[in-house]
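Take a look at the letters that make up each chain.
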Amino acid sequence: MQMRAKDRDVSRRKLLIGCALGALTPCIADRTGLAEASDLENFLRLSAELTGRTRLPVDSARIYLQSLGLDRGALRSMDPLQDKDSDGLARRIVADWYSGQTVDSGRMICVDYTGALMWDAIGFAGPRGIPRDDGAGWALAPVVK
Amino acid sequence: MDFHVDVVVIGSGVAGALVASRVARKGATVIIMEAGPRVDRAASVRRFQNASAKTPESAYEQAAFTPHPESDKPYAFYAQKGPRPFNSTYLRQVGGTTWHWLGTAVRLVPADFEMKSRFGLAVDWPISYADLEPWYCAAEQQLEVAGDNDDDLGSPRSAPYPFPPIAQSFLDLAWRDALRTSGYKVRPTPQARLSKPSGDRPACHGSASCIPICPIQAKYDATIHVARAESFGARLLTETCANFVECRPDGRVEAVRFVRSDGSSGRVFARVVVVAANGVETPRLLLASGSESFPGGVANRSDQLGRNLMDHPIQLSWALTRQPVWPYRGPGATSGIENFRDLKDRGANSALRFEFGNEGWNWPTGAPESTARELALSGLRGKALDTALRQQTSRHIRVAALTEQLPLASNRVTLDRSQIEKTGLPRPAIYFQLDRYTDRALANAKHLHEDMFAKIGVEAFWHKDDAQGAGHIMGTARMGEDAATSVVDKNLRAHAHRNLFLVGAAVFPTGGTANPTLTIAALALRAADAVLSSLKE
Numbered sequence: 001m002q003m004r005a006k007d008r009d010v011s012r013r014k015l016l017i018g019c020a021l022g023a024l025t026p027c028i029a030d031r032t033g034l035a036e037a038s039d040l041e042n043f044l045r046l047s048a049e050l051t052g053r054t055r056l057p058v059d060s061a062r063i064y065l066q067s068l069g070l071d072r073g074a075l076r077s078m079d080p081l082q083d084k085d086s087d088g089l090a091r092r093i094v095a096d097w098y099s100g101q102t103v104d105s106g107r108m109i110c111v112d113y114t115g116a117l118m119w120d121a122i123g124f125a126g127p128r129g130i131p132r133d134d135g136a137g138w139a140l141a142p143v144v145k
Numbered sequence: 001m002d003f004h005v006d007v008v009v010i011g012s013g014v015a016g017a018l019v020a021s022r023v024a025r026k027g028a029t030v031i032i033m034e035a036g037p038r039v040d041r042a043a044s045v046r047r048f049q050n051a052s053a054k055t056p057e058s059a060y061e062q063a064a065f066t067p068h069p070e071s072d073k074p075y076a077f078y079a080q081k082g083p084r085p086f087n088s089t090y091l092r093q094v095g096g097t098t099w100h101w102l103g104t105a106v107r108l109v110p111a112d113f114e115m116k117s118r119f120g121l122a123v124d125w126p127i128s129y130a131d132l133e134p135w136y137c138a139a140e141q142q143l144e145v146a147g148d149n150d151d152d153l154g155s156p157r158s159a160p161y162p163f164p165p166i167a168q169s170f171l172d173l174a175w176r177d178a179l180r181t182s183g184y185k186v187r188p189t190p191q192a193r194l195s196k197p198s199g200d201r202p203a204c205h206g207s208a209s210c211i212p213i214c215p216i217q218a219k220y221d222a223t224i225h226v227a228r229a230e231s232f233g234a235r236l237l238t239e240t241c242a243n244f245v246e247c248r249p250d251g252r253v254e255a256v257r258f259v260r261s262d263g264s265s266g267r268v269f270a271r272v273v274v275v276a277a278n279g280v281e282t283p284r285l286l287l288a289s290g291s292e293s294f295p296g297g298v299a300n301r302s303d304q305l306g307r308n309l310m311d312h313p314i315q316l317s318w319a320l321t322r323q324p325v326w327p328y329r330g331p332g333a334t335s336g337i338e339n340f341r342d343l344k345d346r347g348a349n350s351a352l353r354f355e356f357g358n359e360g361w362n363w364p365t366g367a368p369e370s371t372a373r374e375l376a377l378s379g380l381r382g383k384a385l386d387t388a389l390r391q392q393t394s395r396h397i398r399v400a401a402l403t404e405q406l407p408l409a410s411n412r413v414t415l416d417r418s419q420i421e422k423t424g425l426p427r428p429a430i431y432f433q434l435d436r437y438t439d440r441a442l443a444n445a446k447h448l449h450e451d452m453f454a455k456i457g458v459e460a461f462w463h464k465d466d467a468q469g470a471g472h473i474m475g476t477a478r479m480g481e482d483a484a485t486s487v488v489d490k491n492l493r494a495h496a497h498r499n500l501f502l503v504g505a506a507v508f509p510t511g512g513t514a515n516p517t518l519t520i521a522a523l524a525l526r527a528a529d530a531v532l533s534s535l536k537e
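If you're matching them up, the sequences are chains D and W in order. Here full-length UniProt numbering is used: the first residue of the first sequence is 1, the next is one more, and so on. Here full-length UniProt numbering is used: the first residue of the second sequence is 1, the next is one more, and so on.
Possibly wrong hints are sitting among the right ones.
Said to hold, decoys possible - Under the rule of at most 25 Å between Cα atoms (straight-line distance), these lysine to any residue pairs were calculated in the SDA-like manner:
1) 185/W - 198/W
2) 383/W - 144/D
3) 185/W - 144/D
Stated by the list, open to error - Computed footprint of chain D on chain W, listed as stretches where at least three residues anywhere in the stretch have a Cβ under 8 Å from a Cβ of chain D:
4) 124-138
5) 207-215
Source of the hints: derived by calculation from the structure; they are not laboratory data. Note that the Cβ used here is the ideal one computed from N, Cα and C, for glycine as well.
Can you build the whole structure from these sequences, using the hints too?
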């Protein structure tokens, strides 16, 4: 079983984040849209830094960001990588991306089950409900690279 | 709108679908009346994947017309009247609860049919294992069961399994090796999922989602026999809920009234009526059909209808092994321990069936999502997080012990007439409690689980404090020889109603510890012959 290698190439990461942000263009039509896009841009940048992943879907990011209930522009002044006060926020962001879930209005919701980062990390198993193995490979130890 | 047919079958789960298919094949005109809708498999898989709580029901839409119980909301559907909530569920849709069954297809053992005469407990069945054995073979053929012919698991066989066994998981083999020299015999589980392609159905691809849904129908579900019945000319009425069974004073059932989701209503006049609506819905319909001649409901002169509700209350335990066992792969369960189902001391101690899950800690904790969150919230990131996540989840194991619950008259389904569903049916009210026999079984299972965990080698283990529902709803229309103490006879014909048959686990006098679907199927096939004979009367 092949595990997807993580992309550590910074310039490539920036390029992909840029592509993702391109999808935000329709939002940037007025001041409110601009502020929202800026928050989302900051959130995606921060998420990429925290998870080491660059292909982070914008739709999920929007939900994760919203669930944090932050004031507009709050992320601009935060540096969870350096700032101990923001460490809880950083942990929460990583937990959301890895589990594909977030807490919304006090209850857990599923945001992106099949795209949760945990599957790449686990490697030997994948999301349920997807045909995976027609050779009864579950009888064998997986080959984890 | 009214219909006139030879046979109306109420319910399209495994029991109803098998009867309808068999009877229609012989040329009888058949209507299958199903309260719920047809199911879109692909949409259901997506619904499951998008669900926050991945419960057995999470793949299926909750219909306003015919709602179903949900395991994470035990008070939402049932009117719970007992000291503890009844938490086994079912589905109201074409194919019934076979959509989210595990697929385990084990037989009862001979002693399960003779609890009274062998152990002085409960009642005997009016038929023996030998009576049912040929029908078990027929059921295995119909459900295309994959099993290992080297071991009969305590249930003697007259024919081989139709399909070779499903491969045991790596995790099963770790259990087998760890328990090899102990009294626990780890055996491959007979399963109604294809070990090789059959017709247009593929072999199991290890989608790891048998509960709640197989995305490719490698696991048997009753839509297969619904389709077969339709191909033989049966007519399926969906979103059509039977809400009253009309009887003449002499007991003959004349018609079944129904209401549809669009508000229309009508009657089906049939020579034979088969109620196959599961252990809650069957008594619910018949209790709601009280009349001047049958004030306690149809088929309830004995006052046993709705009583003796049983499940297989489960002791669920889980642990973190020292070595990786690579769970979260393959079918939901591929091995179990069957040699505790037929012990000699059942008079004092319940039989037990142990099932090893391949889905890690998903059932008790919601892993791997919960594990990912926990590790991330602890502050791990990057490679450290990935490594910890892989190392933790690769060592997740769980075992479930199914216990035998004896029939208690007080455990019962009644009607809460203060709450009427859109179908016109009162909400089912449930009184459910566990007796000392089951409590002892659950405690015993905990000790045995700890013994097994010690043998396989674990860093830590946990137990659920409360018994878990198995989803095996049995006993509420028990069969027996005596019309004064039972609801149906050994052919599943209602005692006071010659043209009324009840099929499904509701007719089980006792429950043993075998997952009930194969026995439901065997009894349904046997009853289908009686239905055909009664058409000649």
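What are the numbers of the hints that this structure violates, sorted from low to high? Of the numbered hints given earlier, those the structure breaks are 1, 3 and 4, listed in rising order.
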